[in-house]
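Asks: Required output: the full structure, derived from the provided sequences and hints.
Here the working numbering runs 718 ahead of the position in the sequence shown, where the first position is 1.
By construction, these hints were calculated from the structure, which means they are not laboratory data. Please note that the accuracy of each hint is not assured.
[Said to hold, decoys possible] Simulated restraints on C-beta separations: (1) 776 to 721: 36 to 42 Å; (2) 762 to 803: 17 to 23 Å; (3) 728 to 826: 18 to 24 Å; (4) 759 to 736: 16 to 22 Å; (5) 782 to 747: 32 to 38 Å; (6) 823 to 759: 17 to 23 Å; (7) 766 to 734: 24 to 30 Å; (8) 737 to 769: 28 to 34 Å; (9) 769 to 800: 30 to 36 Å; (10) 774 to 739: 40 to 46 Å; (11) 799 to 758: 22 to 28 Å.
Even glycine gets a Cβ: it sits at the ideal position worked out from N, Cα and C.
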Amino acid sequence: IVSSLGLYALDNTIVANIVPAIVQYLGHAEQLAWLSVGFTAGGLCLLLPLGKIYALYDPKYVYIASAILFFIGSALCGAAPAMDAMIVGRIIAGIGGNGLCMGSVTLL
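Replies: Written as structure tokens, this is what we have:
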């Protein structure tokens, strides 16, 4: 559970470290800001609904669903053939990562 907080923090800031590789492979340097903003915005858009979902359902299963969503978004980022797919993957990973972060606090 605690390691998921580390994963969330790492994924939140990793774009700054891999910018040269992203620009070289995918191009579209003008869309780079969306990679970091998409992760944060994706998580913030569902902040309140996720809190309600954690209150209504068993937190263990919501946490597992959030982890699956986080890993799907991360896999999409890793296999992204274009910048648009990378941005969508970052948004999905942000939603799942926010669910992991909330779940860590809820389960502890």
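Asks: Determine for every hint whether it applies to the structure shown.
Replies: Tested hints:
1. 776 to 721: 36 to 42 Å: Violated, since residue 776 and residue 721 (Cβ atoms, about 21 Å apart) do not stay within the stated range.
2. 762 to 803: 17 to 23 Å: Since residue 762 and residue 803 have Cβ atoms about 21 Å apart, the given range 17 to 23 Å holds.
3. 728 to 826: 18 to 24 Å: At roughly 19 Å between Cβ atoms, residue 826 and residue 728 fall inside 18 to 24 Å, so the hint holds.
4. 759 to 736: 16 to 22 Å: holds, 19 Å
5. 782 to 747: 32 to 38 Å: holds, 37 Å
6. 823 to 759: 17 to 23 Å: holds, 21 Å
7. 766 to 734: 24 to 30 Å: For residue 766 and residue 734 the Cβ distance comes to about 28 Å; the hint holds.
8. 737 to 769: 28 to 34 Å: Because 33 Å falls inside the window, the suggested range holds.
9. 769 to 800: 30 to 36 Å: holds, 34 Å
10. 774 to 739: 40 to 46 Å: holds, 41 Å
11. 799 to 758: 22 to 28 Å: Between residue 799 and residue 758, where Cβ atoms are some 24 Å apart, the hint holds.
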